[in-house]
Amino acid sequence: MMTTISETDIDIDRQIVCRYIGYSRDVEPSPRIASLLDEYIENAKHLIEPSYSYVIKNVHEVNDNCATVEDSVCFEGKVISKLLDRCDKVAIFVLTIGGRLEEIAAQLADDNMIVESYVLDAIGSSAVENLAEFVQGIIGETAYHRGFSISRRFSPGYCDWDISQQEKVFQALDGHSSVVKLSPEHLMTPQKSISGIIGMAPSQNDVATYNPCKTCEKHNCVGRR
Amino acid sequence: MSEDIISKLKENVIQGRKTEDDEGIEEDLTGPGVIELTQQALDANIPANQIIMDGLTSGMEVVGEKFSTKEYYIPDMLASADAVGAAMDLLKPHLEKSGVAGKGKFAIVTVKGDIHDIGKNIVAILLKGAGYDVYDLGIDIPTEKIVEYVKNEKPDYLGLSALLTTTMVVMGDVIEALKSAGIRDSVKVLVGGAAVSEEYAKEIGADFYCLDGFDAVKKLDALQAA
Chain A
42 MMTTISETDI DIDRQIVCRY IGYSRDVEPS PRIASLLDEY IENAKHLIEP
92 SYSYVIKNVH EVNDNCATVE DSVCFEGKVI SKLLDRCDKV AIFVLTIGGR
142 LEEIAAQLAD DNMIVESYVL DAIGSSAVEN LAEFVQGIIG ETAYHRGFSI
192 SRRFSPGYCD WDISQQEKVF QALDGHSSVV KLSPEHLMTP QKSISGIIGM
242 APSQNDVATY NPCKTCEKHN CVGRR
Chain B
2 MSEDIISKLK ENVIQGRKTE DDEGIEEDLT GPGVIELTQQ ALDANIPANQ
52 IIMDGLTSGM EVVGEKFSTK EYYIPDMLAS ADAVGAAMDL LKPHLEKSGV
102 AGKGKFAIVT VKGDIHDIGK NIVAILLKGA GYDVYDLGID IPTEKIVEYV
152 KNEKPDYLGL SALLTTTMVV MGDVIEALKS AGIRDSVKVL VGGAAVSEEY
202 AKEIGADFYC LDGFDAVKKL DALQAA
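These protein sequence lines are chains A and B, in that order. Under our numbering, the first residue of the first sequence carries the number 42, and numbering increases by one thereafter. Under our numbering, the first residue of the second sequence carries the number 2, and numbering increases by one thereafter.
Source of the hints: derived by calculation from the structure; they are not laboratory data. One should not assume that every hint holds.
As the list claims (entries may be wrong) - Simulated pairs of lysine-lysine, DSS-like, Cα-Cα distance not exceeding 25 angstroms:
1) K113/B - K222/A
2) K203/B - K189/B
3) K209/A - K113/B
4) K220/B - K180/B
5) K189/B - K155/B
6) K152/B - K104/B
When you get a sec, could you build the whole thing from the sequences and use the hints?
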């Protein structure tokens with residue numbers, strides 16, 4: 042149900058991992074951490090099992106606080122409504138790097154190898170973000186062939202889109218999310234998974250540049266784009 | 002002899018070398034690491050509290066300074082704290098035997114419904130490295146189990162972790178359950194996690210909000226000093 046891709050399609054950017062583990066831009070880690078990073082990035086390539094799934098649905102009706110798509114799934118939230126109001130279609134996706142990497146990271150923590158666990162977890166975060174970029178590229182290409190441009194990615198938990206809306210995302214995926222499970226608290230397992238939507242609008246529309254962060258007052262938000 | 006061991010111990014804490022097999026910040030550093038040197042210090046009959054104060058704590062103070070001046074980053078700090086935590090495990094029975102009071106017992110847990118553990122692990126290791134007696138209760142732990150633990154094991158501090166808005170509400174449930182069990186005042190409750198804020202901590206009646214592990218150490222140490 043989910044498309045599996047080769048781990049070699051997913052880059053693990055050492056610079057990004059360095060930032061995730063707390064280094065400022067352009068700061069090279071100490072030799073010990075640097076060699077740990079190189080070793081674990083190499084090992085992680087054998088631990089990730091990337092897969093993804095997406096469906097494209099028509100946007101039916103949009104009001105201030107709710108956007109209804111095909112099959113009557115309603116995404117609630119002002120930002121999402123504003124986004125989908127500009128869109129004819131929406132791609133709903135889920136992706137994951139699988140559970141092996143986080144199992145090993147948890148095992149390292151249990152074995153008191155905290156630095157190693159911390160580094161491996163950050164590598165996983167970088168890998169899943171890169172996978173999201175990869176999937177966004179595939180959706181973008183599909184959209185382009187249909188004469189559409191695409192928006193940024195939005196996931197439950199972004200802006201005013203409540204995390205409980207994960208249920209709606211999974212509902213809209215019509216079961217195309219076999220590898221990723223949703224807990225009653227709306228957490229995904231494996232943890233290194235991303236779900237969300239990408240709006241699709243006729244190419245002349247300005248959907249690609251729509252960025253709610255520009256008018257948002259949460260200036261310290263970690264997700265600010 | 003004693004001074005030499007303690008000074009080497011301090012240096013190895015700064016270098017983050019837990020064992021003799023570990024690399025330090027400086028590549029060419031070899032010889033015994035923190036665990037071996039702590040054992041050497043015990044064998045030389047150096048009192049456990051002196052090993053802690055002059056070797057471990059003194060080394061961690063330098064690490065803290067280096068972190069604040071951005072000479073060290075989180076992984077370097079974690080390596081040092083991890084080494085100190087391992088040394089504390091070795092020293093614990095000796096401290097208990099000599100009747101020296103530690104900084105206190107700290108139970109840390111990720112609340113029910115939440116499975117995130119990296120943040121909790123980092124806080125735990127930093128507290129252990131700062132000299133607290135840390136007990137990690139795990140992830141996704143039911144409220145009643147946490148209350149039962151507090152009732153039976155009587156920790157001085159309880160750290161509650163939750164990453165998301167959907168699970169941080171459980172931290173409030175834990176505090177209410179502690180009240181209902183009549184043991185709220187027996188423990189200081191610290192809360193933290195990505196979605197948690199100072200305001201939310203106040204709203205649910207926690208004693209402290211901690212931005213991260215370093216903040217937790219700072220707040221607890223300030224409380225100890227008061």
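Against the earlier hints, flag every one the structure doesn't satisfy and list their numbers going up.
Per hint list: zero violations.
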